[in-house]
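Trainee: Spelled out, the chains give:
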Amino acid sequence: MADPIIISASPHVHSARTSKKVMYDVLYALIPAFLVSIYVFGISALILTSVAIISCIVFEYLIQKYLLKTEITITDGSALITGILLAFNLPTNLPIYMIIVGSLIAIGVAKLSFGGLGYNIFNPALVGRVFLLVCFPVQMTSWPTAIENNLSIDAITGETTLGIIKEGLMYGETMTTISERIPSSMELLLGLTSGSAGEMSALALLLGGIFLIVRKVITWHIPVTIIVTMAIMTGIFWLVNPELYASPIIHILSGGAILGAFYMATDLVTSPMTKKGMVIFAVGIAIITVVIRLFGAYPEGISFAILIMNAFVPLIDKYFKPRRFGNKIKSKII
Amino acid sequence: MSDSVLNSVFLLVSLGVIAAIILYVVSKKFYVYENPLIGDVNDILPAANCGGCGSPGCKAFAEKLVDTDDISELFCPVGGNDVMKQVSEILGKEVAEKDPTVAVVLCQGGCDVRPKTTIYQGPRTCAISAMVYGGETDCQYGCLGDGDCVAVCDFGAMHMDENTGLPVIDTDKCTSCEACVKACPRDIIEMRPRNKRDLKIFVGCLNEDKAGIAKKACDVACIGCSKCEDICPKDAVIMTDTLAYIDPVACTLCRKCVEVCPTHSIIETNFPPKKVKKPKDVKTKAKKDKAEKVTADTAQVKSEKTQANA
Amino acid sequence: MLKTFPKGGIHPEENKITSSKAIKRIPVPKIVYVPIAQHIGIPSEIIVEKKDKVEIGQVIAKSGGFVSSNIHTPVAGTVTKLDMIVDSSGYKKQCIVIRTDQKNESNFEVPDFPLKKEITMDQKDILQHITDSGIVGLGGATFPSHVKLDLKNDNKVDCLIINGVECEPYLTADHRLMLEKAEEIIVGIQILMHALHINKAVIGIENNKKDAIAVLKEATRDDKRIKVAALKVKYPQGSEKQLIKAILKREVPKGGLPMDVGVIVHNVGTIYAIYQAVQYDQPLIERVVTVTGKNLENASNFWVKIGTPIKDLVAEVGGLPEGTRKIVNGGPMMGKAIKNTDVPVTKGTSGILVISEEEASRQESKNCIRCGQCVFVCPMGLEPHLLMNLSEKGLYERLSDEDVMTCIECGSCSYVCPSHRPLLDYIRFGKSIVKKLNTAKN
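Chains as they are written, first to last, in full-length UniProt numbering: chain A, 1 to 334; chain B, 1 to 310; chain C, 1 to 442.
Treat the hints with care, as some may be off.
[As the list claims (entries may be wrong)] Listed next, the in silico PhoX-like pairs over lysine-lysine satisfying Cα-Cα at most 20 Å (straight line): (1) Lys92/C / Lys216/B; (2) Lys366/C / Lys21/A; (3) Lys92/C / Lys210/B; (4) Lys116/B / Lys366/C.
[As the list claims (entries may be wrong)] The following label-pair restraints were derived from C-beta to C-beta distances: (5) Ser432/C / Asp43/B: 38 to 44 Å; (6) Asp170/B / Tyr28/A: 50 to 56 Å; (7) Ile31/C / Asp247/B: 39 to 45 Å; (8) Leu253/B / Glu357/C: 50 to 56 Å; (9) Leu46/A / Ile433/C: 52 to 58 Å; (10) Lys254/C / Ile287/A: 53 to 59 Å; (11) Ile433/C / Tyr31/B: 35 to 41 Å.
Read the hints as simulated data drawn from the structure, not as lab findings. Quick reminder that beta carbons are idealized off the backbone N, C-alpha and C, glycines included.
Working from the sequences, and respecting the hints, build out all of it.
Mentor: As structure tokens, then:
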């Protein structure tokens with residue numbers, strides 16, 4: 001007898017899905033947006049992304065090997081995704097040392113200090129981004145302007161669509177005059193505008209998002225709820241006074257709303273596990289985002305909104321449980 | 001200038017006074033009376049919070065001791081008779097005296113003598129693998145080797161032997177809290193009386209299978225031959241159909257049974273090596289190994305003891 | 001739109017390789033090992049002794065209580081010993097070992113029972129026959145059938161559901177039985193409807209067995225009370241509660257029985273056994289077993305005597321293929337891995353699955369990535385990830401509050417977990433502790 005028989009408890013078969021495959025699906029979904037980013041920003045997008053990826057993986061390796069002395073998990077793909085998502089949330093002309101600092105915060109503080117993959121409360125890439133935004137506000141808000149086939153790194157710096165609107169409104173302009181300076185909806189959809197590396201083309205991001213839903217990596221609940229709620233909220237303001245508030249289309253297509261809704265908010269680890277909970281979570285994100293965008297100091301708020309709602313996930317998971325089979329009486333809490 | 005100084009002084013003082021009044025009123029109003037004896041008893045208890053007494057912790061045990069009228073049933077295994085005597089003095093209640101005990105592992109089926117016939121995959125805890133089946137070997141009575149007992153030991157008195165895959169009890173550290181006894185799904189760990197030099201003789205096997213099956217599954221299984229029962233001068237060996245058990249109270253540690261056991265399933269611990277001539281040709285390899293191990297163990301324990309004394 | 005249960009469920013690879021293989025008979029085994037604990041409930045009491053001569057179908061172990069069942073000898077022969085044999089639970093259990101009498105012709109007759117449609121017995125006799133024949137749920141749960149049929153007077157049972165779902169991958173025993181014994185099964189259903197005074201019966205079959213659906217529809221043409229429901233292919237539809245929900249949209253309350261919503265569920269195999277018991281007074285001594293596996297040469301379905309060692313079955317399909325690493329008694333989702341092929345077939349053995357190296361090994365468990373897949377697929381609306389954590393940490397009170405006891409152990413959560421976490425292992429363990437605590441409380 002060569003090898004002894006294996007005994008284990010049922011089930012004896014397993015689906016072909018593994019954590020690694022899930023991670024790689026996310027990776028594939030990000031390819032279209034990445035290609036658009038390279039097309040728009042040229043080599044600088046490539047540099048930004050590779051620096052972020054490499055530093056995330058290296059930090060994870062170093063911290064796990066020398067600081068925590070635990071098993072090294074760089075091959076599971078999660079550090080890779082954190083790196084890409086972080087890069088997608090940064091302007092392409094950011095100094096390289098800042099990218100590395102952001103990666104350190106994302107991996108070291110937001111992920112590993114909470115116990116590694118699966119234990120982090122906050123989305124690591126967003127923590128890195130927000131840290132950089134708070135520490136280096138100037139560099140983080142001077143975006144390279146999109147020039148077709150621009151291959152030089154020293155692009156002209158400009159402002160994001162939402163930034164222009166915010167500033168314009170502050171100086172008492174109306175939407176009619178501002179709208180001449182901002183890109184058209186079509187340009188926003190295709191990504192010919194300025195902004196972070198990955199938030200360029202809403203179309204490319206949507207493509208990837210639909211791929212994720214088809215592959216069942218994420219469900220439609222979070223992205224659709226965020227977009228619908230944002231559309232409703234901004235729509236109401238826009239209908240009340242179209243001169244003071246931008247239209248829902250501009251809000252949804254610009255400022256990383258799609259990136260946030262499909263990739264950042266749906267991060268498996270930091271989002272609720274029940275469908276009911278996901279809807280609540282998404283509504284919360286949308287409301288906070290709109291409030292920050294319309295009334296806050298920052299032109300863009302989805303990263304803050306996601307981080308704030310991340311903190312509520314354990315609570316949401318506790319109170320929005322799936323309906324138990326055979327339990328006719330509704331839960332007392334809701 | 002002086003106004004602002006006076007104002008702040010006045011403000012702080014009045015804040016302090018108000019806080020003091022609130023604290024006073026609250027502490028009076030919500031005062032919970034606690035029998036001072038509980039504190040006294042709690043101070044004596046070993047504060048190990050092991051749960052060996054049956055209460056969730058030392059404080060709870062102290063409350064139980066104070067509240068119960070007849071405490072002869074209650075015993076702190078970690079503190080032993082000394083602690084219980086002190087408790088008795090404080091409370092003025094009778095306490096039972098118990099002989100000190102120590103945990104022993106009633107299985108010596110290590111990897112070398114008890115071959116693995118299957119591989120278990122799943123969570124490596126005895127409790128779960130015991131639910132799945134009878135274990136990786138053909139003996140369904142012996143140690144599963146996943147170390148639930150080691151995990152529950154609060155006193156670091158247990159570890160898994162890397163070579164045999166069996167738990168080893170450090171008798172010096174064992175406080176006889178019985179946590180391991182409760183954790184073992186196979187009931188392999190037994191509490192046996194502890195004497196001064198920690199001499200013990202016991203049957204290291206619980207296999208209830210018939211002789212042939214038991215022997216096939218494990219080289220050192222008790223096969224129920226009753227040779228030990230026949231030779232025992234004190235009738236300390238209790239035989240069931242297939243298994244021997246040595247009654248620790250009746251046993252006088254004469255070691256006669258150890259010699260006659262054909263499968264070497266009777267274990268002796270901490271005895272000095274015998275000076276009597278040994279007919280070497282009869283001994284099997286397993287016996288020799290075991291003898292060496294026992295001496296090694298004895299030597300180790302001794303050296304530890306000397307270290308501790310020094 | 002095909003009917004199915006609304007919440008959760010998975011669709012593993014079906015692998016029903018043996019669905020076109022007719023049920024064959026295997027040679028009568030030389031020695032049979034009949035365990036006395038073949039059903040849920042109290043083990044039966046042995047009423048034979050060593051060296052006793054027994055005739056085929058004779059009772060050798062009597063029901064040990066209400067929730068228990070008679071056990072009959074599957075062969076004529078001599079009781080050689082009463083021994084402890086490892087059964088599919090992985091532990092040694094009491095067994096009656098019988099050597100087949102090679103000269104006794106009754107052992108080798110191929111049973112031939114023509115279809116008998118007339119139901120002549122009254123209600124009491126029918127139930128008595130079912131009780132005496134040692135019939136238990138043959139779907140795998142092995143719950144004594146007479147207990148299910150013992151209705152209190154105030155019951156409101158109005159529907160009988162016949163479980164022909166066979167949602168487990170690989171297994172085809174029920175499928176073949178429905179194809180080959182359709183008429184008998186219909187008579188069996190009529191017997192039960194007669195005995196229980198029910199006027200409605202539904203046979204639930206998953207849509208991957210279109211031929212069985214067609215055959216049974218044909219067979220039920222004359223009896224308008226019996227309907228055949230085609231169901232969407234989804235595991236675990238064969239679970240009683242999910243099946244009732246799928247067919248009747250009724251939900252069995254927490255901790256309740258199908259009877260509480262006016263339903264009784266029986267497996268097709270059980271129905272056939274009832275037919276045999278009532279019409280021909282045949283005790284339950286054989287059943288259909290699917291012997292299957294991707295690397296087996298002649299995987300097929302067999303009529304097997306209870307107590308046949310699995311090695312006889314394996315020999316019949318060409319022996320264990322090279323590189324076999326796991327043998328499962330039952331289907332891949334809920335079956336039990338067995339230690340060796342000496343384990344006997346029992347009343348609950350619906351299949352023997354031989355798994356090779358690459359499929360047999362479990363992968364290493366990794367951190368939970370909180371993907372929520374286990375929550376989505378749980379047909380009972382539980383949160384397996386949470387239950388596993390609570391069980392691992394020993395928080396049994398909370399485990400009980402989170403309805404761990406309603407878990408049907410279908411294994412969907414462990415199946416989908418991308419981190420290969422042993423969710424069901426821990427939940428099962430937690431359940432056993434909670435059960436113990438609950439009994440201690442009462």
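Trainee: If a hint holds in the structure, say so; if it does not, say that too.
Mentor: Hint by hint, here is what the structure shows:
1. Lys92/C / Lys216/B: It holds: about 15 Å lies between the C-alpha atoms, which stays within 20 Å.
2. Lys366/C / Lys21/A: Measuring from Cα to Cα gives roughly 14 Å; hence the hint holds.
3. Lys92/C / Lys210/B: Cα-Cα ~12 Å, so holds.
4. Lys116/B / Lys366/C: violated (27 Å)
5. Ser432/C / Asp43/B: 38 to 44 Å: Distance hint for Ser432/C, Asp43/B holds at roughly 40 Å.
6. Asp170/B / Tyr28/A: 50 to 56 Å: holds (55 Å)
7. Ile31/C / Asp247/B: 39 to 45 Å: Once the Cβ atoms are compared, 41 Å apart, the range 39 to 45 Å for Asp247/B and Ile31/C holds.
8. Leu253/B / Glu357/C: 50 to 56 Å: holds (52 Å)
9. Leu46/A / Ile433/C: 52 to 58 Å: holds (55 Å)
10. Lys254/C / Ile287/A: 53 to 59 Å: Violated: the Cβ-Cβ distance is about 36 Å, outside 53 to 59 Å.
11. Ile433/C / Tyr31/B: 35 to 41 Å: This hint holds: roughly 40 Å between Cβ atoms.
Taken one by one, the earlier hints fail for this structure at numbers 4 and 10, listed in ascending order.
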